[in-house]
Amino acid sequence: MFADLTDRTWLWAAAGFYLAGFAQGTYSLLRSGRPAGVATYVLIAAGYALQLVGLGIRGRLVGGCPLGNTFEIFQFTAWSSISLYLLIGVKFRASLLGYFSSSLAAVLTLLSLAIPAWDATLRTHVFGDNPWIEMHAALAVFSYGVFALLSLTSIMFLLRNYSLQHKHVGGWFSFLPSILDLDHIGVRLLGAGVAILAASLAVGSIYWLRDVSSVNLTKLLVTIAVWAAYTGALTLRLRGRLLAKRFAWACLGLFLVALLSLGPVDQSRHGNLPPAADAAR
Amino acid sequence: MSTEGFFVIGTTHHRASLEVREKLALTSDGVAALQAELATFAGLKEFAVLTTCNRVEFYGVASHPDAAAQVSAAFCARQQFDRTTFEQICLSLRGREAVQHLIEVSAGLDSQMIGETEIFGQVKDAYAAAQAKGSTGPILNRIFQKGFQAAKHVRTHTAITEGQVSVANVAVDLALTIYGSLKSTGILLLGAGDIGEKTAKAFQSRGAAALTVASRHFERAMELATTLGASAMPFEQREHRLAEFDIVVCATSAPDTVVSLAATQAAMAKRPARPLFFIDQALPRDVDPAVAKLENVFLYNLDDLAKIAEENRAARAAEIAKCRAIVTQKADALWHHVAPQVAALAGQGAAAVNGSSLARADEKPGDAEPVPAPRP
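From first to last, the protein sequence lines are chains A and B.
For the record, in the first sequence the residue sitting at position 258 is 258 according to this note's numbering, with numbers rising by one throughout.
For the record, in the second sequence the residue sitting at position 174 is 174 according to this note's numbering, with numbers rising by one throughout.
It should be emphasised that the hints constitute simulated quantities derived from the structure, not laboratory data.
Where a beta carbon is used, it is the ideal one built from N, C-alpha and C, also for glycine.
Don't take each hint at face value.
As the list claims (entries may be wrong) - In silico PhoX-like links for lysine-lysine, alpha-carbon gap of 20 angstroms or less:
{"no.": "1", "chain 1": "A", "residue 1": "245", "chain 2": "B", "residue 2": "270"}
{"no.": "2", "chain 1": "B", "residue 1": "307", "chain 2": "B", "residue 2": "198"}
{"no.": "3", "chain 1": "B", "residue 1": "124", "chain 2": "B", "residue 2": "146"}
{"no.": "4", "chain 1": "B", "residue 1": "183", "chain 2": "A", "residue 2": "167"}
{"no.": "5", "chain 1": "B", "residue 1": "124", "chain 2": "B", "residue 2": "152"}
{"no.": "6", "chain 1": "B", "residue 1": "270", "chain 2": "B", "residue 2": "152"}
{"no.": "7", "chain 1": "B", "residue 1": "183", "chain 2": "B", "residue 2": "201"}
{"no.": "8", "chain 1": "A", "residue 1": "167", "chain 2": "A", "residue 2": "245"}
{"no.": "9", "chain 1": "B", "residue 1": "293", "chain 2": "B", "residue 2": "270"}
{"no.": "10", "chain 1": "B", "residue 1": "293", "chain 2": "A", "residue 2": "167"}
{"no.": "11", "chain 1": "B", "residue 1": "152", "chain 2": "A", "residue 2": "245"}
{"no.": "12", "chain 1": "B", "residue 1": "183", "chain 2": "B", "residue 2": "198"}
What the hints assert, rightly or not - Computed far set for chain B versus chain A, every beta-carbon distance over 10 angstroms:
{"no.": "13", "residue": "22"}
{"no.": "14", "residue": "124"}
{"no.": "15", "residue": "274"}
{"no.": "16", "residue": "296"}
Turn these sequences into a full structure, and let the hints steer you where they fit.
In structure tokens form, the structure reads like this:
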């Protein structure tokens, strides 16, 4: 029965669970003034499992990691964020992190599903059966997932900072983690994201050195610029130059830039792909 | 169905002033002596005595209609308190109403500080003491045990216990929203007065370990540090060593500020990534208000803390209706189960009364002589 379901059906179901997590969290906050906690975690975990099945089917269809178009990149980014949330979310189970994570995942997945143009072209064997390039791309998009989660913890930091500065600590503000915990998790996520993106670039550079013409210069520069910007933020944070509110704003701003950079990166890749790699859906 | 058999009598902060409660307060020896006396009352089958700084209450199961009046008389006699005055301030509830009262008391709904949890332990202690004395039986056991369950249900299914309502505990909660845990935070207490001590104790009760006391009178700082198991430091070093601390509790009576903006800036330059939390409980204020504008510095003064405490108090008060709905439901269910037993006991007692000269119809309740009888 389930064998006949398409990848998009599974991904719609996953998005539904993420949306349910968001809806339940909103309902719980409005009704009782507290996040749903375990229930949100379970809904997100269910969405994650369904998304994994959907991405698995898509992966078999395209003969590799599904990162061939904007739809797949958005789906993979959401999946990466939720992977990390499920790991660290246990610590923050009673906090608002689950609520924010389900919101982010719902937005990314529903948006990608709602815009058919993003999935109009199904590109198979986009990495030319080269596992290193596939790994390079997967790591790069996974790092974006890490940065997405970092942007969420940054929003939570700013809310917590606002609540403390303005002395509004009651209501749902009381379910935000402590400001020090948010700062620590932010630094760790940034460090992890920078390391993963660095690994991705290192793998990509080996391929690039073998055949310089194979990589579009725009894509190369944009990716390095994103990595350099995040590395710069991490360095400044570790040296005590970029702290607290400014650090949180920087993380948010950088994620926006990283998202915008996906456009030129995707465009540049189209030009470099062999025509045979594109397959109209 | 008869409701006379189960009763609660006593007085609370709602009915009696502090001066009166002082006169009615029972010492532990007094409770023991009164329990021994009540145990001799034939018409009183089961009983428990609850005594706290805000209430003295007697819960009893009686087979004799005058048992509650006898308890009241015995208590007033022991405390040498005028009986008529006591009747004026006396809480007296029977049957289902008494069950509801017990649940409300256990849940903190009847407390001076609504939702406080200490009362739950006090009621449990009172019940345990009664059990140890053998003065409880099947009815009181069921009422208390089910009452505790109902009180727990109220506390876990409503927000009645959420948010601190004392200034010292509000300060501790704020510190937790900044640091998450107090285990590795350094706390500096400026001032060795009562307010500072109370706040320091609140921090210690929530896991704070590293506490340093500084006072303009070093010997008083030493004294308080010894009491709290903390360390003391000269007051003059407060600004120089500010960077060593995460939380600074200020409660001096100094006429001017004792922590300046410049000192705070210098401290933050040494520890920029770690927040610094000032709790200024002094009047006039101890901390320069301008420090609140610094990055990663949080300053709360007495008004800020009091406002949060008041908001929490109001939030708890807003939960009362929800709590009472649960309590009513639980009290109904519990009374439905125990009422037949209570009625049966009262019926037995009535038969005994009719068949003997133990209590006369025209007798005043308090005048009934207790009849010694062995405990069941």
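Status of each hint after checking the structure:
1. Note on residue 245(A) and residue 270(B): the hinted pairing holds, with a Cα-Cα distance of about 18 angstroms set against a maximum of 20 angstroms.
2. Our distance criterion of 20 angstroms between C-alpha atoms is met by residue 307(B) and residue 198(B), whose separation comes to about 19 angstroms.
3. Distance check on the hinted pair: residue 124(B) and residue 146(B) sit about 12 angstroms apart at the alpha-carbon level, within 20 angstroms; holds.
4. For a cut-off of 20 angstroms, the pair hint linking residue 183(B) to residue 167(A) is broken: about 24 angstroms separates their Cα positions.
5. Restraint check for residue 124(B) and residue 152(B): the C-alpha separation of about 12 angstroms stays at or below 20 angstroms, so the hint holds.
6. A hinted pair counts as satisfied when its Cα atoms are at most 20 angstroms apart, and residue 270(B) with residue 152(B) does not qualify at roughly 47 angstroms.
7. Between residue 183(B) and residue 201(B) the alpha-carbon distance is near 14 angstroms, which keeps this suggested pair within the 20 angstroms criterion.
8. For a cut-off of 20 angstroms, the pair hint linking residue 167(A) to residue 245(A) stands: about 16 angstroms separates their Cα positions.
9. Restraint check: the Cα-Cα separation between residue 293(B) and residue 270(B) comes to about 17 angstroms, which is no more than 20 angstroms; the hinted pair holds.
10. Distance check on the hinted pair: residue 293(B) and residue 167(A) sit about 13 angstroms apart at the alpha-carbon level, within 20 angstroms; holds.
11. Taking the CA atoms of residue 152(B) and residue 245(A), the gap is near 41 angstroms; set against the 20 angstroms cutoff, the hint is violated.
12. Restraint check for residue 183(B) and residue 198(B): the C-alpha separation of about 19 angstroms stays at or below 20 angstroms, so the hint holds.
13. Listed as a non-interface residue, residue 22(B) keeps its Cβ farther than 10 angstroms from every Cβ of chain A; the least gap is roughly 36 angstroms.
14. With 10 angstroms as the threshold on Cβ separation, the claim that residue 124(B) sits away from chain A holds: the shortest Cβ distance comes to roughly 27 angstroms.
15. Interface exclusion of residue 274(B) from chain A breaks down, the closest Cβ pair being 8 angstroms apart, not more than 10 angstroms.
16. Against chain A, the non-interface label of residue 296(B) is violated: not every CB pair exceeds 10 angstroms, the least being about 5 angstroms.
Checked against the numbered hints given earlier, this structure breaks hints 4, 6, 11, 15 and 16; the rest are met.
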